[in-house]
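Participant: So you can see what is in the structure, the chains are spelled out below.
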Amino acid sequence: MMKGVIIRYRFFLAMLILLGLLFAVNSALARRALEVTAFSVREMLLVIPPIFVLLGLLDVWVPRHTMVRFMGHGSGIKGVLLSVLIGSAAAGPLYGAFPVAAVFLKKGASFQNIFIFLGAWSTTKIPMFLFELEALGTPFALTRMAVNIPGIIIIAHVLGAFLNSHDRMEIVRRVETLTKEQSVERMTGARRQEIRR
Amino acid sequence: MTTVLYMITLAALGVSVFRDRKKTLMALKKAWKAFENIMPQFLGVLILTGIMIAVLNPRLISRIIGVESGWIGTIIAALVGALTLIPGFVAFPTASLLLQNGAGYMQIAAFVSALMMVGVVTFPVEISYFGRKATILRNLFAFVFTFIVAAIIAWVHA
Numbered sequence: 001m002m003k004g005v006i007i008r009y010r011f012f013l014a015m016l017i018l019l020g021l022l023f024a025v026n027s028a029l030a031r032r033a034l035e036v037t038a039f040s041v042r043e044m045l046l047v048i049p050p051i052f053v054l055l056g057l058l059d060v061w062v063p064r065h066t067m068v069r070f071m072g073h074g075s076g077i078k079g080v081l082l083s084v085l086i087g088s089a090a091a092g093p094l095y096g097a098f099p100v101a102a103v104f105l106k107k108g109a110s111f112q113n114i115f116i117f118l119g120a121w122s123t124t125k126i127p128m129f130l131f132e133l134e135a136l137g138t139p140f141a142l143t144r145m146a147v148n149i150p151g152i153i154i155i156a157h158v159l160g161a162f163l164n165s166h167d168r169m170e171i172v173r174r175v176e177t178l179t180k181e182q183s184v185e186r187m188t189g190a191r192r193q194e195i196r197r
Numbered sequence: 198m199t200t201v202l203y204m205i206t207l208a209a210l211g212v213s214v215f216r217d218r219k220k221t222l223m224a225l226k227k228a229w230k231a232f233e234n235i236m237p238q239f240l241g242v243l244i245l246t247g248i249m250i251a252v253l254n255p256r257l258i259s260r261i262i263g264v265e266s267g268w269i270g271t272i273i274a275a276l277v278g279a280l281t282l283i284p285g286f287v288a289f290p291t292a293s294l295l296l297q298n299g300a301g302y303m304q305i306a307a308f309v310s311a312l313m314m315v316g317v318v319t320f321p322v323e324i325s326y327f328g329r330k331a332t333i334l335r336n337l338f339a340f341v342f343t344f345i346v347a348a349i350i351a352w353v354h355a
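Protein chains in written order, with this note's numbering: chain F, 1 to 197; chain Z, 198 to 355.
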């Protein structure tokens, strides 16, 4: 039990030790690091809970076949558009996108669309775009947006091409472990077939 | 933006409770489980971010990607962007400040793009969801793409 906790928190513990070392070397810098961390923790606690609640609701209410129809294999341009739109409408830093992508994937969205979604979340977020317009000017923000949209779609396809069925299975396994709980539906044969394609 | 997110979440929760209490409880349980599973990684990443922002302050960054640094400056800018995790509402004003202080559009574009698309600091979180291979490839492609964006932005602003 104790060992499990230590393994789960090993990265966190390592970072705490690093912060401790920084305190020993330069306490002013460490204090500033602590301030920034406290600020990000507050941001995380503000943005992350609603995302996870929405995810829980999505998991419970949206049936698999709906997700497959809208974002799965053969969802075509509709799936691409939806992925870009949902990703762009997002709030919060990129690490908030991973659990969302995980649930989408579990529900039957295609890998391509998942990667498009991640790309959109990372760089075409609408709130950030408005911010960018103001800070860096219209030509800058518009050019970046115009290049980014085809860019993330191309990256998603190249990425998809690089992942073989073994890699895909591993990702699905990870996603299942991370979103696991008592009533988890085991991967069906149909899903396995889908991943192989 | 956060307010809108909360309003949507509360509305969805309300509808869900109204439709089916048990299912809603299950959704909340799932939400908590998913949150708890990734919590340790999140916390570690946030401390690492704090340390990085404290060490790499804007003054230091502006010195590195300053005037006339060309492609070398662009590469450095992209690396700084890839290695750090700065929230957008801090990053954009900072980028704007750097521009005013003589940094080039190409460097700033590389910095902003890499900052948003590449996350070396969030590797542990991304790997726990997508595995090592997909994570490394996604970040690598995004990093390369950053230079395409930088070149096009430089061309637009030329």
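Since the hints were made in silico from the structure, they are not lab data. You may find that some hints are simply not true.
The calculated lysine-lysine pairs, modelled on BS3-like cross-linking and capped at a C-alpha distance of 25 Å, are [said to hold, decoys possible]:
hint, chain 1, residue 1, chain 2, residue 2
1, Z, 220, F, 3
2, F, 3, Z, 219
3, F, 107, Z, 226
4, F, 3, Z, 230
5, F, 78, F, 107
6, Z, 230, Z, 220
7, F, 78, Z, 230
8, F, 78, Z, 219
9, Z, 230, Z, 219
Participant: Among the hints numbered above, which are violated by the structure, and what are their numbers in rising order?
Facilitator: Per hint list: 1, 2, 7 and 8 violated.
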